[in-house]
Structure formats: structure tokens, C-alpha cells
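Participant: Residue numbers (the numbering used here), protein chains in the order written: chain A, 1 to 459; chain B, 1 to 395.
In short, the hints are calculated from the structure, not lab data. Quick reminder that beta carbons are idealized off the backbone N, C-alpha and C, glycines included. Be a bit skeptical, because a hint or two may be false.
What the hints assert, rightly or not - Okay, the calculated bits of chain A under chain B, using three or more residues with CB under 8 Å as the criterion:
1. 91–101
2. 288–299
3. 339–347
4. 440–454
One letter stands for each residue in the lines below.
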Amino acid sequence: MRRILAIARLTIKAAVRYKLVWMLSALLVMAVGVMPMFLKAAGRPQDISQLLITYSLSAVVGLLGIATLWLACGTLARDIEDCQLQMVTVKPVARWEIWIGKWLGIMALNTFLLVISGAAIFLILQYRVSKLSAEDQRLLREEVLVARGSVKEPAMDVEPVVQQVFNERIKQQNVAAMDRTFVLQQVREQVKQEFQIVRPGTGRRWRIPLGLARFQSAGKPLFIRTKFTATEKSPSGTFVALWQAGVPDTPKLWRYQMSLAPDAYHQFEIPPDLFDDQGVLTVEFYNPNETSLLFQLEDGMEVLYPEAGFGLNFARGLGVILLWLGLLAFVGLAAASLLAFPVAAFFSVGLMVIVFSSGTMAQALQEGTVWEVNHETGVADEKAPVDYIILPVFRGALQLIGLVEEFSPIDSLSTGRSISWNQLGRAMLQVWVVLGGVFALFGVVTLTRREIALPPGSN
Amino acid sequence: MPLAAPPSPPSTSVSGDVVIAVRGLTKEFKDFWGRRKARAVDSVDFEVRRGEVFGLLGPNGSGKSTTVKMLLGLLYPTRGTIEVFGKSPRHVVTKSRIGYLPEESYLYKYLDSTETLDFFGSLFDLPGAEKKRRAEQLLEMVGLSAARTRLVGEFSKGMQRRIGLAQALINDPDLVLLDEPTAGLDPIGCREVKDLILALARRGKTVILSSHLLSDVEDVCDRVVIYYGGKIQAMGTLKELLAAPDEVRITAPVLSRETMGRVLEILRSEAGSDRVRIDTPTQNLESYFLGVVQRARQSETATSGATSGGQVAAYLRGGADTPASSDKILERLSLAEPAAPAQAEPVAPAVDDRRLDQLAQGEAKPEQSPQAKPVDLNEANRKLSGLLGSDERKE
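Using the sequences and the hints given, assemble the complete structure.
Facilitator: So, in C-alpha cells, the structure goes:
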């Protein structure tokens, strides 16, 4: 352990002596302390706070992420190129100790800078809140500066209905084999739409079991978070929404009418304790407009309840960000174990671009090809040979990316959602142990097998 | 002079512990596509035993450094085997017994001298106090005590060699590999490094010295291999390699013209006039330079660079106290053998009649290299043993 710590200290010393830490600190001060002063945002204090959290944390993640990749690639690749690693590897140090030591050094720096930046963001938020009226403060602490749990209606399995409708359709009509995929997709969309659509003059009911949240939220107001789309535009830009929450056919009911814009998330408070004896909250929506409205099955409706305070939630959010940075350090070191510094840096950045292109990969998977699709059917008529190689790669890549994308601390913190210890633990398992482990294993094995003193250009 | 004693295959029956055994060692460098670019080392065999100072000689690009790097596990052999202390060079624990000074300074430029030694000491799990003690002694030994807080990146090449040498010795290694250790050093530094090598060897340490500076190798090495084109061209002790059994050298004080004439007449009648040469012996430049510096030091002329090194670090001497521990090795040697300026009157040695008789009768065999040496190695050894205590080479 002493050797690993010696390498870690050396890594920190290099970052300090080459002034990377000072430069990063200055940039973080600008991003966190100075730039928010020029943020021009009008609206409710909740919206301004959300913007401040999103902007500040995104800037910190961006700056530290780039610095982490750069440092991880540089600290190992440059040591190899400048032959300094020769001096270390001839000492009784295993190469995995060098690798882990460098990773620990990078993470120590990241932890320090992230804690300082996080503390600054937190204090700035608290200072801004202290300048608001008591009512605004209350609203902020209920909607943004809070850790709220979320419950949704249990996921609906539409596939049995889809299959049933599809079977009836092909009995009635002669569908060519090559069109069956297209027909099945159409049927699936139709069935989903039936569950999502609320036609004029009709309503939609959600039954949301609160589970243990009923005890945590007892006596406290709950929040409905909803989003819908409209099939037609409204001249005013908004639609009338009639809401009811509580136990049907009992006096334990809350009703409210409001005017809401489509394609945006809306959040409103409902009184406490409206769930039934089973802890199920029933929410109903009535559509008095002349236009059909659609509530997506995935994110059309959810109930938020207060779970814990903002401070600890913020700390856990920073914890998830630290996990991301740790993964970037794994990636950079793995690349530097094999490649020269510029190539390793380019590779790492390229990998990030691929991660951000996950939408394109998902689309290719949906279309069934990486080449042209039939514009009428939206899917490939026939797969190209290359699809048999690339699509499985895309599928695997998306699964790996999903391990990281599942956690979005900035979004959670800015919307006052809870990041539980359980989520943090799961993030550590998925981001560090599984994904980071893959990169670390590759990096350590590569570095161990590598001839450190090989002249440039040799294999 | 016959150069090549044919390289003999290593034999494990040779007395002494085998520290390094190299058999059929070959290293080929390949390009990205796996095509062979160069064969840097080609079927090399040798053994190095405990306590030996073993020289790797050869011109640039002959394969010396590649061999050293394979001995250290920095490069992997294409063919052949290497054993260091009976293990693979990549065996991590074995590395705690090895010290290495590379051909160039590969140290971290953002660390100062103390931090450099502290970092490398940490890699050997040395306790804090011991690490600090050794670092102090090493900085004193290599003459960098006054530069302990200066960054290595600011050092001159010579100073970088000095701190490099210090880090190579922080673990009191049993095997020291020195790649061009005197490159960039001033003559005083060169002399100190050579003295240090001899001191290490006296303690039973094994030293591998890779150099193309023949004088370095000649001054300190017990055995050498000479590389050319990646192959061993010659291997053996200096005595074996340098002896010229068909020639003798006679050194005498200045003789009268008549005496000289008679001697020459005798010699020419025996050997033929074209085979007898007469010249005036001179000391070499190193000895002269050291004498000048010694006198300058005695007159307390200041310098802002590295000072000449102090005595060998105590822990490297095996804990033996020296009779006069405050004296520096160089000073003691220089004082014991003051280097006279070229114009100075030589001290007249006594004429060895018996030896002359033997030579005249044709029975003499050369006992040492026919080349005049600035410092007699046996003499240096004897003096160093006085300095270093009673540690004997264990064969």
C-alpha cells in the first residue's frame, strides 16, 4: 500500500507542479462563482435555482471531466514516453500498483476539487435563498432544495394486447412475411396510443401505489409531475386540465382546474394523505378541450414525495459525479497503457463522442440497419451484411452506456429528486466495479505485458 | 594487441554465486506490422558472479543498453533466457536487490533532490527515518547537499547523473547496473564514481558497468565483454584481454647519455633496432586535473555547482566506521598520491635489479596491463579498505 500511495502522491505533485490544479481551480472559480452572477433568468425562484444548479454542476462536470481524461492519459503515457516509468518499474513495484496509484492520485485531486466546487455551489444557493421572501423560501425547500422520492404507476405490459391485435389482423388480411415486422410495429404503436390518449370529453385514471412512501409522506403535501402532448395546437398555447386526486367516491378528494402548456413538465402540489388504506393514490385527469391529449406511458405521470433534506442529497449527487470522473480516469489510463499520449487522448475523447451518440445507435437498432431504411415503413427492408456485425456491437455498447446513463445526478438535484444511498451504491457497482473494472483490467494487463523501454515505432 | 579471447560459454562450475546468467539472449526489434527492424542483441551468453565488477563495452548501438534493459525486465528477450538472482528479471521482489542508473536522466523533473530520493525510497518500503537518513548520506556522498531543494529539471547533466546515482543506491542494492555512469560528469565526478564502484565491489556487491569509455572500464572492471553488432566479440578478465606477452616496458629515472647508450645497445642487439622505443613517461590528464583542483580546494576557491562528493554513504559501507570518517575519499587519495604538475621533478624509484635480471634472462611474464595507470587499482583498493572498514569481498 505504501508504494501505491507513493505513486498517488507523485501524481498529485505532478499536477500541482505543472500548475494543472491551479489552472483548474481558477476555471472552477469562474464557472461556479463568477459566471452564475451573469445568469439572466426570469421567473419563479424555483426555476432560477434549477438553472443555477444545472449550469454550475454541468460546468464542474465538464471541466473536471476533460481535466481527468487529459491527466489520466498524460500521467501514464508521458511517463512511458519520457522513460521515467523505467525508473519506477525497475523498483519492486508491480505494474498494477503503478496503475492503481495513478488512478488514486487523479481521484484524490478530483475529490478535492469537486468538494470545493460543490461546497461553493451549495453555499451560493443557500445565500441566494436567504435573500428570498419566506414564502419563496418555503416553495424552494418543497420543490427544489429537497430530496424527493418518486413513484409511478406500475409499468404496463402492452405486449399481450399487441400480439392479440396483431394475430387478429393477419387472420383478416393476407400480410406478406416481409411486412409483418412493419405491421407488428404499427399495431404496437396503436395499442400504446390507446393507453396514452385522452380524447376530448374523456378522462384517464392512474392508480399509484405509494408503498413505504405513504409512511414517509404522512402529513406532508405530495407533488404531481406530469407532461402531455397535444394532437393539435391550441390558439392560446395552453389546454385546460381538470385534476382529481384522492379516494374515489369518498370525501377524501382534491380537485383543481388549471391551464397547462403541452410538451413541458408541470409540477403541482396536492394535499397530504389522499391515499387509500392500501396506500394507493388515485389521480384522475379530465380533458374538457376539443383536442386529444397524450400522456406517455414512461413519463406522463409521477408522484413526488419528500424523502430527506437537500444537503445530504446534494452530497450523494456529488458522489455520483465522482463516480463518473472515476470512470473517465479508468478510460484515460487504459488508453494510455497502450497508446502514446496524443493518441490516447484522442481515443478517450472519441469514446466520449460515441457515448454521446447513443441516440444514433439506438435509432440504428430500432431501424434494424445502419444503412438506408424504407421511408414508408421506417425499418430496413433487408439487412446489410455489415449490420450483422455492427448492430450487435451497438446493442452491447448501449447496454454498457446504459449502466452510466441510468444515473443523472444533475437532473435529480435540479428537480429536487432524491438520490438514495441505494442508488449511489448501485452506481458504484455499475460505474466503477463493472464498467471501470473492464477498463482497469484491460489497462493493467496491457501495461504489465508492455515492454516499457521499447524504442518509439517498435512493436 | 590480440583483442579477442573467444567467448566461452557460461559455466556454473565457476566459483562464486552466480548473480546473472544469460543464455542465448537475442533481441529483435520489430515494426508495427511485426517485420524485423533490427537485431540488437544476438545469441549472447555470459554469467556474472557475486562481487564482480563486470563491464559491457562496445561502440554506440552495439547492444549494451539493450542487454542492460533486458536484465532489468524493461525489454523482453526474443529468444534466450535471463536469470537475475535465480529469478526472471520481471520478478518484482527480486528488484528490491537491484539498483539502476540509466544512460540518461529519466528522473522526474518536478521533484527536488530530497523528494526524488524520498519517492524512490518509498518504493522499497524503507521506514521513514531510515529513508531520510540514507537520503542525507547519499546527497552528501554525491555532492548535492547544497542543492537538495533545487528541482532536478534545473540540474546540469552532471548533477543529474549524481542524483541518478544516488537514487540507484537508496536501497543498498546487491546488484548495481550503471549505464554510462560517468557521462556528463567532470573528472572529479568520474573519479568519485569509479571509487564508489570499487567500494561497492569490496562489499561483495555486483556491479554491471556499461560504457564505451574504455578508461572507465579499465579502471574498475574485473571482467568485460566487448560487444559489436549485438554479438559478444571478446570476453574475459582485463588481464587476459590486455596482456601483450611479447613486449616489456622498463621504467627508469633519467639516465646519463652514456648509460642510455649502453642500455640501448644491449637492447637493440637482443631485440633488433626497430623494436625498441624510448619515450618520457607522463602522467595522464586526469591525474593532473585532480591535482590542480585539489590545490584550488585547499586555497578555498568557491564554486556554485555541485561540490565533489563526500565519503561513501555509511549504510553503503556496511556500517563499518572509517578511521577518519570526516575525510573525503578524493582528498585522501589525492593527499596520499599528490598529482604533480607535468614539469615537476619525478620521484626517483629504486631500481629493481632482480626484476631487471629476470627480464634480461627472458623469464618475465607481464603481471599487469602494459598500459601505465594513473592510479594503481590495488593501491586504491587498499586505501579504500582503510576508509571503508573491514568488509571483505566474499567470494
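Participant: State for each hint whether it applies.
Facilitator: Hints versus structure:
Under the rule that three or more residues need a Cβ within less than 8 Å of chain B, the assignment of the segment 91–101 of chain A holds, with 4 such residues. Residues of the segment 288–299 of chain A lying with their CB closer than 8 Å to a CB of chain B number 0, which falls below the three-residue condition for coverage. Judged by the Cβ-Cβ criterion of 8 Å, the segment 339–347 of chain A is not covered by chain B as claimed, because only 0 of its residues qualify and three are needed. Only residues whose C-beta sits within less than 8 Å of a C-beta in chain B count toward coverage, and the segment 440–454 of chain A has 4 of them, enough to reach three; the restraint holds.
In summary, the numbered hints that this structure violates are 2 and 3.
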